[in-house]
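Okay, here's what each chain looks like letter by letter:
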Amino acid sequence: MKFEIIQPGSYAMIKVTLARGEAIKAESGAMVAMHPNLDVEGKVDGGMFGALKRAVLTGESLFFQTLKASRGDGEVYIAPAVPGDVTILELNGANHFFLQKQSFLASDDAVSIEAVSQGFFKGLLSGEGMFIQKATGKGTLAISSFGSIYKISLAPGQQYIVDNSHLVAWAGTVTYDVQKASSGWFSSVTSGEGLVCKVNGPGDVWFQSRNPGAFGSWIRQFIPAKG
Amino acid sequence: MPAGTFRGDVFGLGDPGQSCPGSLEAAYEEFRLRLDDGRQLVLPTDRIKLSRGGFDGLHIIVEGQAETGENLYISLQDELLLDHLSHLGPAGLRETARQLQQQGRSTRTWATLSLTVFLALLALAGFGLWLGFGWLVERAVGMVPPSVEKSLGQIVVEAVASDKKKLTQGPAFEAAMKIWNRLLPAVPAGHPYTLQLHVIDDPMVNALAAPGGQIILFTGLMKEVASAEELAGILAHELQHVLKKHPLKGIMQKAGLAVVLGTLFGDAGALTVVIREYGGKLAELSYSRDQEREADRLAVELLVRANIDPTRFPEFFRRLQSKGGNLPAALAILSTHPGHEEREQALQAQFRLLPATTYEPIGIDWAGLKAALTGAEQGR
Ligand SMILES: [Zn+2]
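Protein chains in written order, with UniProt numbering: chain A, 1 to 227; chain B, 1 to 380.
Just chain B, with the same shape it has in the complex:
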C-alpha cells in the first residue's frame, strides 16, 4: 500500500446500506478509491466533506461525490488519515482535519473518564451494599412470621437428620430430656416458639440450632462431654441462638441479597427454596463472634435461673480444643462456634460477678451413661 493509503468501508454503491471494503489514497487534488472487488473511483477534493461518526463517534467519515456521480460515504478508522491530511492534505481540508483530531482526543478522554467514574460508582455502590447488608438482614429476619420460621426449621431438621435415626427412647434420649426439662422452665416467656429438642443417633460431635425453636443434638456430643452440666451449658447456648434468630440470620446472610430483598418485599417463598436446597448445610453455618458472645452471656443467665452450675460449660470447649487437632468430628462444633479463647475470658469475667451459691446438680451418672452408650454401640 503506497503512503497516504487508508482502509475503509464504502457505502453508496448500488444497494443503500450495503458496504464494500476498499482503500482510499488521499492525494492532493483528488482521493482515489480502490475497492476490494476491483472497482476504482475518483473523488475531487473540492467536493469532499470530513466529519466524525460511527457508533463510538471515533470513525472518520469522508463524504463526497465521485467523478462518475456516485454519492459516497466512507467510514475509516485510521487516525493517520487525519495526520496525513492536516499536513499534506488540500488546503481546504487541513483545518477540518486538525479539528477532528482534537475532537477525537476529547471523545476518547471523555469515554475513559466516564468509564472510570462508572467503575468508581460501582465500587462505591458495592461497598455501600456490603455495609448495609447486615442492616437489611436484621429487617428481613423481623419480617418472617413465626409460622414460616417453624416450617423452615422443620425442613432443616429433616435435611440434617433425614438419613439418621431420631431417638425417642433409650438412655441417651432420657438423659438429654432430663437436662432439657430442667432448662425449659427457666426460658423467659414471650417468645413465639414451641421449643423442641431432637436427639439424633450420630457420631458427629455437635449441637445445632435451627430456625423456629428447634435444637438438634447428636449423640456423638453426649459421648464427649464429661458431665450433665456441660451439656446443659451447650444446650442453653444453642437455645439462645434459637431465641435470638441467629440461624435465620445466618441463612439469610448465606443466601444473599436476592433472598433478603425478596423477604423484605413479602416473598417468603425465596427463603423456602434456599432452605430446601441448603438446609443440610446448616451444620456448616458458623455464627459471628458477637453472636457467640451474646449466646454465651444469655446462656449463663439461663443456667443460673435453672439453678444449674454454669461454670462447667466452658470446660467442654477447653478439653475439646486441647485434643481438637486429632479429632476431626470435634472440629465441627469448634469451627461453627468461633473464638473460644475470647469466649472463655468473657465467661470467666461473667462468672466472677455471680453470687457465691451452690447449684442443684442435674443428677445423671455421666460416666455410667457413656459406658452404657459405648457398650450399646459395641453390642451391635
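So that you can see chain A by itself, here it is in the shape it has in the complex:
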C-alpha cells in the first residue's frame, strides 16, 4: 500500500496504490476516481455504536467508505471536500494521533479511528468540541486541512501557542492547555473567543493556514440577506 500526495497545495489530492486484497477506509464521499479492480463499500466502522458515537459526538459522517482491491492491484484518488492541503502520517504501533473533527481523510483499513472525550472544560474552551478523534494502530493515515498545513516538532517540555481554530492534529504525546490570549497576540476576530491553545511537547503538531469559521463569516458578507 502506497500513499502519495498529488498536487500538494490548496487543491491537494492523494493517490493510494493498493495490492490485491488490501483495503483503505476514507471519509464518505471523498473518492474521486479509482481502478475498476477496486470495490467501494459503506462500512460502519467500529460497530454501530462506535459509528453512532463518532457521528453524534464529532459530527463526522456515520459511514466510512471502504475501498478494497478485490480483483487485483489498483489505485484510488481521494480528495477532501474543502480546499486545502493533505498530509500523511505514519502510525507505527507505538504512537497515536488526535485529530480535530473533520481532519480525517483516509487511512489503512488497519488504522482505527474512534471518538474520545477530551474532557468537559477543554472541549468547551478549545472550540474543538467535547470529542475529538483518536487514530491508533499501525499503518498510514492521511489528514486534510483548510488552507495549507504546517507541522512543528516539539522537543520534550517545549511549548508553543496555536490559535485553537487552526489546530488540525497532534501526536498523542502532546498535551495542551486552553488559555486566554494575551492582548495583542492573537486577534479575537480570528479566534472568535480570544482563546488559544498552549501545546506542550514532545511530539508533532499540525496546524492549518486558514480558519474555517472566519472564512465562513467572510463569505457571509457577500450573500444578500433573504426576504
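Take a look, some chain A residues computed to stay more than 10 angstroms from chain B by CB distance:
hint	residue
1	Ile5
2	Gln7
3	Met31
4	Asp39
5	Val40
6	Thr66
7	Glu75
8	Ala81
9	Gly139
10	Ile161
11	Asn211
DSBU-like, lysine-lysine: derived pairs with alpha carbons at most 35 angstroms apart:
hint	chain 1	residue 1	chain 2	residue 2
12	A	Lys134	B	Lys49
13	A	Lys138	B	Lys49
14	A	Lys151	B	Lys49
15	A	Lys101	A	Lys198
16	B	Lys164	B	Lys244
17	B	Lys49	A	Lys198
18	B	Lys254	A	Lys101
Read the hints as simulated data drawn from the structure, not as lab findings. All values reported here derive from a predicted model rather than from experimental measurement. We put the CB at the ideal spot given by N, CA and C, even for glycine.
Take the given structure of chain A and dock chain B with the ligand to it, following the hints.
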C-alpha cells in the same frame, strides 16, 4: 519479546520532536532500549524518572540519560510496565510505579465520571428543550407580523395549487362562495387577516388552512359532502385553524429549533426559506388533538352565529370514516385532523347545550350540484 519488554515511542534522538518506535526491556540494574531502526541504548536505572503524561494523561513517561549521553523521553502505554516495576523493578522506582498505577486508576475513573455527567446533562438539556419547545413556538408565532404571514400563506397556496386549476367560476366555485359568504359576516372582527377562499379543481378530499387567512378547498371534498351545511362546518373549522394561527405553529414545529430561534431573534427570512421548501407539504401537516378540539368548538359557535345548522358538520367525518379504509384520497383529511371519535363526543356534548332553534338553510341543492360536477367531469 522477552518478559519485561514494552513497546514505546522514543524522543531525544537527533531532531527534537522526532520520535522512533522501539522496545524497552526493564531489567533490575538498567533499562535496555532496542529501537526499530536497529540502534540500541542503555539507561542506568539510577538516572530514571517515571511520570504520567500524554494527551489523555495515561501515558507512562520514562525519562533518563543513556550511557552514551542522550537525554531520552520514552512514552509507553502498556500498564503492565508499572505492574512489572512495582514488583520486580529497582527499589527506587517501585514506590513511584505504585503511585502512578493509583494515579492512572483515578484519571480513568474521573474521565468515565465526567463523560457520564456530560451525557446526563446533554440528555437533561434535550429533555428541557423538548418541554420548552412548544412554549418557544407560541412566542415565535406571536413575533411574525401579519404581512409576513400573509406572504407566507401566498407561497403555500402557490405551492399546493401550482399545477392545478384554481376555479373562479362555475357551479362548484359558486356553491363554495355562497357558503363562504354566509360564514364571513359571523367571523368576529379584530383579526389582522384578509380571509380568502381558494377553490381548486382536484380530486383530493381535503380542505387546508394556510397562514395569513388563506383557506384552500379541493373540489374532491365537495363531491364527498352530502349537504351545504356539512361543507360550511368544515370551512368554519378551517377558518378557526387560520384565526388561531395553527398552520404557522405547525410549520414552525416541523421546521425545528433553528427557525423558531431565528424568528424570535427577528429573522423571518429563515421561516420563508422553510416554507418555500416545504409549502407543498402543508397538505400533510397534522394538527394536535387540542388544536382540533379548539377549532371544532369555535367552529360550532361561528356556525350558530351565521345561523347555519351546526349538527350536520360531524356527519361528514362519520360517513367518511365508515368507508375510509377503501378511499385513499379521503384518508388525507382524516389523517390531518386526528381523533374523530373524541371530537364527535365533544361536539355532541356541545350540541346538547345549544338552545333549540331552527336554522336558516343555506339553500343549495347539493345532490344536483354533485350530479352536475360528476357530469361535467364525464363530459370532458
Ligand atoms: Zn382541523
